[in-house]
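J.: Sequence:
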Amino acid sequence: MKIGVITTGRNNLNAVINILTELGVESHIVDEPSKFEQIDALILPGVGSFDAAIQYMKRQDVYHHVESWVTNDKPTLAICLGFQLLFEGSEEGELNGLGVIPGKCKKFGSSLKVPRIGWSFIDWSDHSPFGMTDTSERFYLVHSYHAPRNNFEIALSHYGEDYCVAVKKGNVIGTQFHPEKSLKFGMDIFKKFIGIVNDGKA
Numbered sequence: 001m002k003i004g005v006i007t008t009g010r011n012n013l014n015a016v017i018n019i020l021t022e023l024g025v026e027s028h029i030v031d032e033p034s035k036f037e038q039i040d041a042l043i044l045p046g047v048g049s050f051d052a053a054i055q056y057m058k059r060q061d062v063y064h065h066v067e068s069w070v071t072n073d074k075p076t077l078a079i080c081l082g083f084q085l086l087f088e089g090s091e092e093g094e095l096n097g098l099g100v101i102p103g104k105c106k107k108f109g110s111s112l113k114v115p116r117i118g119w120s121f122i123d124w125s126d127h128s129p130f131g132m133t134d135t136s137e138r139f140y141l142v143h144s145y146h147a148p149r150n151n152f153e154i155a156l157s158h159y160g161e162d163y164c165v166a167v168k169k170g171n172v173i174g175t176q177f178h179p180e181k182s183l184k185f186g187m188d189i190f191k192k193f194i195g196i197v198n199d200g201k202a
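By the working numbering, the letter at position 95 of the sequence shown is numbered 95, and the numbering carries on one by one without gaps.
A portion of the hints provided could be inaccurate.
[Said to hold, decoys possible] Now the in silico label distances, taken between C-beta atoms and shown as ranges: (1) Asp31 / Asp51: 13 to 23 Å; (2) Ser111 / Asn198: 25 to 35 Å; (3) Ser111 / Thr21: 24 to 34 Å; (4) His127 / Glu32: 16 to 26 Å; (5) Ile29 / Gln55: 14 to 24 Å.
[Claimed, not checked] Within a straight-line C-alpha distance of at most 30 Å, the following computed BS3-like cross-link-like pairs (lysine-lysine) qualify: (6) Lys2 / Lys107; (7) Lys169 / Lys192; (8) Lys106 / Lys2.
None of these hints come from the bench; they were simulated from the model. Ideal Cβ placement from N, Cα and C applies to all residues, glycine included.
All chains should be built: construct the whole structure from the sequences, respecting the hints.
T.: Laid out in structure tokens, this is it:
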């Protein structure tokens with residue numbers, strides 16, 4: 001199995017690749033269209049701004065390939081900004097997102113400190129593919145914009161209000177939190193995603 005890791009200009013490629021290496025999975029940085037033919041699954045990490053990430057991928061000539069990949073329901077794990085790119089758009093920018101998940105990401109309310117930084121307990125739905133049951137599980141979050149509630153949400157967090165921090169639509173999975181920064185709990189996310197890809201279904 002080979003997993004491709006997309007670069008959006010400012011993302012934690014090394015952290016993600018190091019985890020995949022530790023788990024014995026071959027990975028490739030996907031920075032040109034031909035590399036999509038070499039992979040079985042895609043990880044879309046990201047930090048930075050919504051529009052800048054899209055513009056960077058377009059300059060690399062990979063954006064429309066990512067769009068086709070997720071639209072065709074191929075195995076995907078989108079992280080943080082990558083997770084927000086799955087939606088139709090964001091108040092942070094003017095460009096359209098990938099549009100796999102309906103809705104637009106919004107900034108936290110003015111009464112809340114942003115960015116939200118730190119560890120948070122996550123409320124997983126019964127139909128989450130990750131099967132998280134340990135009540136001590138916490139995940140690391142850093143973000144100023146949040147995803148809307150939607151029919152594909154599999155996990156919630158609370159900051160002023162309940163909001164979506166993970167989605168699953170077919171084989172496309174996204175997390176607002178950073179599994180690559182979430183120690184053993186984040187490692188479990190990667191292990192289970194790899195298991196899902198190996199099983200050929202999400």
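J.: Take the hints in turn and mark each one as holding or not.
T.: Status of each hint after checking the structure:
1. Asp31 / Asp51: 13 to 23 Å: 19 Å, holds
2. Ser111 / Asn198: 25 to 35 Å: Roughly 45 Å apart at Cβ, these two residues miss the hinted range, so it is violated.
3. Ser111 / Thr21: 24 to 34 Å: 43 Å, violated
4. His127 / Glu32: 16 to 26 Å: 36 Å, violated
5. Ile29 / Gln55: 14 to 24 Å: The hint (14 to 24 Å, Cβ to Cβ) holds, given that Ile29 and Gln55 are roughly 19 Å apart.
6. Lys2 / Lys107: 35 Å, violated
7. Lys169 / Lys192: Roughly 16 Å separates the two Cα atoms, so the pair holds.
8. Lys106 / Lys2: 34 Å, violated
Checked against the numbered hints above, the structure violates hints 2, 3, 4, 6 and 8; every other hint is satisfied.
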